[in-house]
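Between the sequences and the hints, there should be enough to build the whole structure, so can you do that?
Here the protein sequences come in this chain order: W and X.
Using my numbering, the final residue of the first sequence is 301, and nothing's skipped along the way.
Using my numbering, the final residue of the second sequence is 1030, and nothing's skipped along the way.
Just so you know, not all the hints are guaranteed correct.
[As the list claims (entries may be wrong)] Covered by chain X, according to a simulated footprint, are these stretches of chain W (three or more residues, beta-carbon under 8 Å): (1) 47-60; (2) 74-86; (3) 91-98; (4) 106-114; (5) 138-152.
[Claimed, not checked] For lysine to any residue, the following SDA-like pairs were computed, each having C-alpha atoms within a straight-line distance of at most 20 Å: (6) K752(X) / A783(X); (7) K752(X) / S827(X); (8) K132(W) / K752(X); (9) K132(W) / S827(X).
Worth flagging that the hints you see were computed from the coordinates, not collected in a lab.
None of these values were measured; they are calculated from a predicted model.
C-beta: ideal position from N, C-alpha, C; glycine also.
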Amino acid sequence: MTILETRALGKRYRHRWALTGCTLSIPAGHVVGLVGPNGAGKTTLLNLATGLLAPTAGTIEVLGEPPASGPAQLARVGFVAQDPPTYAGLSVADHLRLGAHLNPTWDAALARDRIDRIGLDLVQRAGKLSGGQRAQLALTLAICKQPELLILDEPIASLDPLARREFLQGLMEFTASHQASVIMSSHLMADLERVCDYLIVLVGSQVRMAGEVEDLLGTHRLLTGPRRDPCTYPADWHVLTASHTDRQTTLLVRTDSDIHDPAWAVDEVGLEDLVLAYMSQSSKAEPGPAPREEVQR
Amino acid sequence: MIWLTWRQFRGQAWVASATLVVMAVALTLTGLHLGHMFGISGIATCHTRGDCASVSTTFINQVQANSTYKVFNTGMVILYGAPALIGIFWGAPLVSREFEAGTFRLAWNQSVTRTRWLAAKLALLGLAAIVTTGLLSLMLSWWASPIYRAAALADGSNGGAGPNHLDPLLFGASGIAPVGYAAFAFALGVTLGALIRRTIPAMAATLAVFAAALLTMSLWIRPRLVTPAHMISALNPANIDGVNIQAGGRMLLTAAVSKPSGLVVSSQIIDTSGRVFTGPPTQACESATASFQACSASIARLNLRQLVSYQPASRYWMFQWYETAIFLGLGLALAAFCFWWIGRRRLS
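Structure representation (structure tokens):
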């Protein structure tokens, strides 16, 4: 089963395409990082995945069904929106009651436990909570409906480092104990690097790269060697970035084959550098690897 | 959904309940006093004595001079205000507030479809709106019933003393019409809130559109909703209140309407052949020196008649049902639009 399956998905706001030609197929069991600069279309993609938006072009299926197609589909997806919205006038306890009344799969014990550990006061109004506390409350609401897929839109952008760590900790505990999948967006790779095992890079309304982190790291190499004519590079090299000095060339290359030429010093590439390389490519550049159909885990 | 709807509506519900209680107390206390006045007025036994018109008129004059009548006027203001306030404070923020705070992203991602979310809100708050205005109208109708009974008996004796049910101002604050207004105003508020997505502008727009709809209905549509009844009577010269002599030998007359109790749509002065009287002017009226009485007397000799188109008071309940049905229908249409709109998912 796939958690997210899109075909040529596009969304237009009046005259501007916020997302175009997005084709993805993400198998279940991943913690997916959706990364890209501000305005790249991350929120649009996630709002399409939660059914808050309808696509202008293409199709989208979440957990094998159209998003928000019914109460059963809604129950399977948890969503924490950007700047987590809560009802300012309702107390923490009211929010838990809201979750319990509106979700047949609500886990009340888990909710109480989480609120205890976060240290939220049940009678406090959500409007009086700090940003971190509000994010934790929103995450609690999303988690305690026990979804198969949790979608988080920039959940930690506004949090301080300590709150970030606590938030991610809570998230990881949940995915481990419930075998749930996660899709979370961020414009900061550092937020995602620790927790994600699948990555989507979205730049300028288009998917630039998508795949399992392990595969991405395995197929990209940083090469250093004597300067030479680019025409002599092997045909299966896709050069992402190249920098030259008078005598030396450094290349970031995607290739499926091993590099045997002893003239090149081969290095592993870090995830952050890799993502930055894709993000800084101009939009005219050849798109990254297409998402591959993968065997279900 | 019922719990969440109630939790978010609790505050407004308390305000509405408190208003109802205050109104009930004020109307009961003054209403009992009014009932006492009615009891000693002798109207109940007037048929045996045959003095219904005079005792009723006396009673109405007494009531209108009494300070309790202010309660009736206040009640009318509240009954007109209630649907507007319901539209502004219950309807307009219902969806727009969720957009302003972004909480629709929270509400619509629980295991409840947004159609059900909207259905619960519209049904419960719509019902509350109908019950609130229905009770207000019922209380005020009970309070005013002695006055209307007296007014019906006093009718005709002195040009229709006392309040008249079909009076444009009184009609909308009595019977079941306020229920229709409230349902319409509520649905209107929700619709405008969904379209405008800003609470304050949606509130202002709700008030403006509701007031316009009510005025259009009461001043323009209601008198023409049903073919008016006609009454032709000899023109009573005492009723003439306007003589307009124009160049070209034309004389146009206007006259007050003394008879029918109800809503007058139009009044025309016609001649013996049934055409609208346009002249020629009589000598007495044309003369600069003759008195108005002489002019009136000369008009009386023309054997003119008065044609009045009117909606009889007996049609009160028919109009009430029509008007309630129209506004309930509009409210339902707006609610249906809200369901369609909210299902479209073009929301951010």
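Index of numbered hints that the structure contradicts, given in increasing order: 6, 8, 9
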